[in-house]
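> Take a look at the letters that make up each chain.
Protein chains: 2
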Amino acid sequence: MSTQPHVVIVGGGFGGLSAARALRKAPVRVTLVDRRNFHLFQPLLYQVATGQLSPANIAAPLRAVVSKQKNTRVLLADVVGIDANTRRVLFSDGTLDYDVLVLATGARHHYFGKPEWEQLAPGLKTIEDATEIRRRILTTFERAERETDPDRIRSLLTFVIVGGGATGVEMAGAVAELARHTLRNDFRNIDPRKARIILLEGTDRVLPGFHPKLSAKAEKALAQLGAAVRTHALVTDIQPGLVMVNLGPKGAQKTEKLDAHTVLWAAGVQGSSLGKSLAESAGGQTDRVGRVVVQPDLTVPGHPELFVIGDLASCSGPDGKPLPGVAPVAMQQGRYVAQLIQMRLKGRPMPPFVYKNKGNMATIGRARAVAEVGWLRLNGYLAWLAWLFIHLMYIVGFQNRLLVLMQWAWSYVTRGRSSRLITEREATR
Amino acid sequence: MSTQPHVVIVGGGFGGLSAARALRKAPVRVTLVDRRNFHLFQPLLYQVATGQLSPANIAAPLRAVVSKQKNTRVLLADVVGIDANTRRVLFSDGTLDYDVLVLATGARHHYFGKPEWEQLAPGLKTIEDATEIRRRILTTFERAERETDPDRIRSLLTFVIVGGGATGVEMAGAVAELARHTLRNDFRNIDPRKARIILLEGTDRVLPGFHPKLSAKAEKALAQLGAAVRTHALVTDIQPGLVMVNLGPKGAQKTEKLDAHTVLWAAGVQGSSLGKSLAESAGGQTDRVGRVVVQPDLTVPGHPELFVIGDLASCSGPDGKPLPGVAPVAMQQGRYVAQLIQMRLKGRPMPPFVYKNKGNMATIGRARAVAEVGWLRLNGYLAWLAWLFIHLMYIVGFQNRLLVLMQWAWSYVTRGRSSRLITEREATR
Chain A
1 MSTQPHVVIV GGGFGGLSAA RALRKAPVRV TLVDRRNFHL FQPLLYQVAT
51 GQLSPANIAA PLRAVVSKQK NTRVLLADVV GIDANTRRVL FSDGTLDYDV
101 LVLATGARHH YFGKPEWEQL APGLKTIEDA TEIRRRILTT FERAERETDP
151 DRIRSLLTFV IVGGGATGVE MAGAVAELAR HTLRNDFRNI DPRKARIILL
201 EGTDRVLPGF HPKLSAKAEK ALAQLGAAVR THALVTDIQP GLVMVNLGPK
251 GAQKTEKLDA HTVLWAAGVQ GSSLGKSLAE SAGGQTDRVG RVVVQPDLTV
301 PGHPELFVIG DLASCSGPDG KPLPGVAPVA MQQGRYVAQL IQMRLKGRPM
351 PPFVYKNKGN MATIGRARAV AEVGWLRLNG YLAWLAWLFI HLMYIVGFQN
401 RLLVLMQWAW SYVTRGRSSR LITEREATR
Chain B
1 MSTQPHVVIV GGGFGGLSAA RALRKAPVRV TLVDRRNFHL FQPLLYQVAT
51 GQLSPANIAA PLRAVVSKQK NTRVLLADVV GIDANTRRVL FSDGTLDYDV
101 LVLATGARHH YFGKPEWEQL APGLKTIEDA TEIRRRILTT FERAERETDP
151 DRIRSLLTFV IVGGGATGVE MAGAVAELAR HTLRNDFRNI DPRKARIILL
201 EGTDRVLPGF HPKLSAKAEK ALAQLGAAVR THALVTDIQP GLVMVNLGPK
251 GAQKTEKLDA HTVLWAAGVQ GSSLGKSLAE SAGGQTDRVG RVVVQPDLTV
301 PGHPELFVIG DLASCSGPDG KPLPGVAPVA MQQGRYVAQL IQMRLKGRPM
351 PPFVYKNKGN MATIGRARAV AEVGWLRLNG YLAWLAWLFI HLMYIVGFQN
401 RLLVLMQWAW SYVTRGRSSR LITEREATR
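From first to last, the protein sequence lines stand for chains A and B.
If you're matching positions, the first sequence starts at 1 in our numbering and goes up one per residue.
If you're matching positions, the second sequence starts at 1 in our numbering and goes up one per residue.
For the record, the hints were derived by calculation from the structure and aren't laboratory data.
Treat the hints loosely; a few may be bogus.
Same chains, same label: a pair holds when it works inside one copy or across any pair of copies.
To be verified - Straight-line alpha carbon distances no greater than 25 Å define the calculated PhoX-like cross-link-like pairs of lysine-lysine that follow: (1) Lys194 with Lys276; (2) Lys114 with Lys346; (3) Lys194 with Lys68; (4) Lys194 with Lys70; (5) Lys358 with Lys68.
On a predicted model such as this, the values are computed, not experimentally measured, just so you know.
Same shape as in the complex, but just chain A (with noise of 0.2 Å):
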């Protein structure tokens, strides 16, 4: 037992937790080590955050996926920073000795270099990010309904979403859904029909790593949703109340200022901390937003015991373009360290990774969605279908799967949304 090697995951996220699962009858000692006991399922979390999902639907406790796998250990702790040269992880009251590490802490959100910008517009990483943003555009609502101010009213019922990517149009359809639908009938004073719902996008088009008419088909959707599209948008300011644009391509910009409320966050991420105390440990490098560059074999450089996988590692396809911050590609990952590791026991060598690409897709609302796998581009009803079964499949927990399901047919339904509690921020009782 205790000859067997020693492999040390960190972070439970898709890529960690498909490594682990993935070494389930390897000949080593697993270690999945995690400061939350809960997987996530990130791409739903905008659902928490809208009132749809409860945040148990999308989590599932870490002890109890691999408590039938019986070389895995989870460890509940706060890993501070690693230590490449004696092989330890170092935890802030103790440390892990490993033989082999996999580094999978995910990212976290990248302001541009304005980080107090987070508390005017806070991002959506983890379940308390989206119990603080349903919060907050509840609350909106409500303060609305009390307020006799019309320019104040007209503020607070403006939502802005900076960032045009899924995770951008994903909220911005959500919180038109829930402004049009869900709350129509639930104020007295004012109408949530007239919430403006502003999706701000720097390049030219949301949705940027889409085909092109796919863009047209989720810019259009998101019209018809009551949620306005700004390209060529440029943040250049945020404050209480207040967020200042530059509008328009290059060389035509102008200024525009938005009164708004309740701004959101989908723009940026940067690689989480521990990616830089790894890289100086052990001399590898991280790119411009601090993800940890990997060799062909997600090691880092000089340290074959060493792989970083997921958000974290900064790591090229075929075509040279880095491959995106998405699940598919971690639990790619994940399952290929696994896999070399085994080899390797048995001396057999193994290929680079390579990411196979089954698709993108993203949804804009009840039965809107797009979709493209290789040369086949699907919008509407039949691509929020393919969404809806594809999320289904990968959210860990087959109870999970089913009251995912059924909220969703209800949704559906009735457009109503069960999850709409405004929590404490601090439970102070």
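Given chain A, work out where chain B should sit, using these hints.
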């Protein structure tokens, strides 16, 4: 419209919401005021605290509940006082005039003059209480897993629940099931089945409101689940990791020291603080636990326009005994007041309020419960089924009913609990 009397209901719990709904066709304007934006089904709060249900499953957004009730508006506001002379409800940021006031703000914990115990032994009244208790219970197992000192492990795996009423019994059963079944395979260093669950009750038996035979059945069921009951137990001190108890009937008492990392409070409640403000302003009286003494028609003496219902009201049954602080009392009082208001408008009299006791029930875990309905006493599987259907029936929202039923069915079959999230106490982002 504006000539119709204005009925203000403070509190959206069982009492307040029942009153509001029963007034839906009355020729009055109704304003339902609450600090929170949802109605909470408190009887199932212990299932949120033990990871079986999500907060949203037992909460219904107040606005959604009354959205189709045209004569009713919802106001999210913090009521800080009542001015009975000018007939005004006082908010932290304004006032609201009323013609009729229904005060239904419920109860909070009562630590018998030891408010410092609250931090060490939290009670279960709000969603935040439930997620905080869930956090404490789950974190305790995590700490035990990383601990090496056997005494510390023993203390970490000891759970003391103070108070053997329905809440305490249900909590003790749920914690025992969590430890012995749900978590049994989840840890590698500790055996969660060795957790000690101790239920302390001051009188000679648990569930003192029930028939003694059912108390005995409940105690036996708890023992089978691995929860120990100590009767004649009086808590004399609580310190971090420590509970001091006086045990045994009068004259034969001995003091015991319980090393327990987790202590939960289910022992006593007192009327919410508004009761006192009302009594002072209206010249009424409060009883020794701060509940407002009301007349047989639930009004405050000298103020026919002032009603107090639910846990905040001190009201006796025909036998002279005070009515218990349970949901059926509050709901019947809410409907009674709504009817009385309508009869008054027609100039017709109403008989005094009479509580129709339809029975008591408490569940002790999977397929175990006790129930009494009139002369009929049930225990075991049948009582549990009865408990299950009655609770499902009274949860507000058809979707919530389905979601709860599905999660119960799931837990019943697998003994799993999906909502085992340790969320952060303060969502600092």
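> All the hints need checking, so say for each whether the structure fits it.
Comparing the hints with the structure gives:
Taking the shortest alpha-carbon separations for Lys194 and Lys276, neither the intra-copy value of 46 Å nor the inter-copy value of 42 Å comes in at or below 25 Å. Taking the shortest alpha-carbon separations for Lys114 and Lys346, neither the intra-copy value of 49 Å nor the inter-copy value of 65 Å comes in at or below 25 Å. In this assembly of identical chains, Lys194 and Lys68 lie within 25 Å of each other by CA distance solely across copies; the values are 20 Å between and 52 Å within a copy. Taking the closest pair of Cα atoms, Lys194 and Lys70 come within 25 Å of each other only across two copies (20 Å); inside a single copy the shortest separation is 56 Å, beyond that limit.
Within a single copy, Lys358 and Lys68 get their C-alpha atoms no closer than 30 Å, and across copies no closer than 46 Å, so neither meets the 25 Å cut-off.
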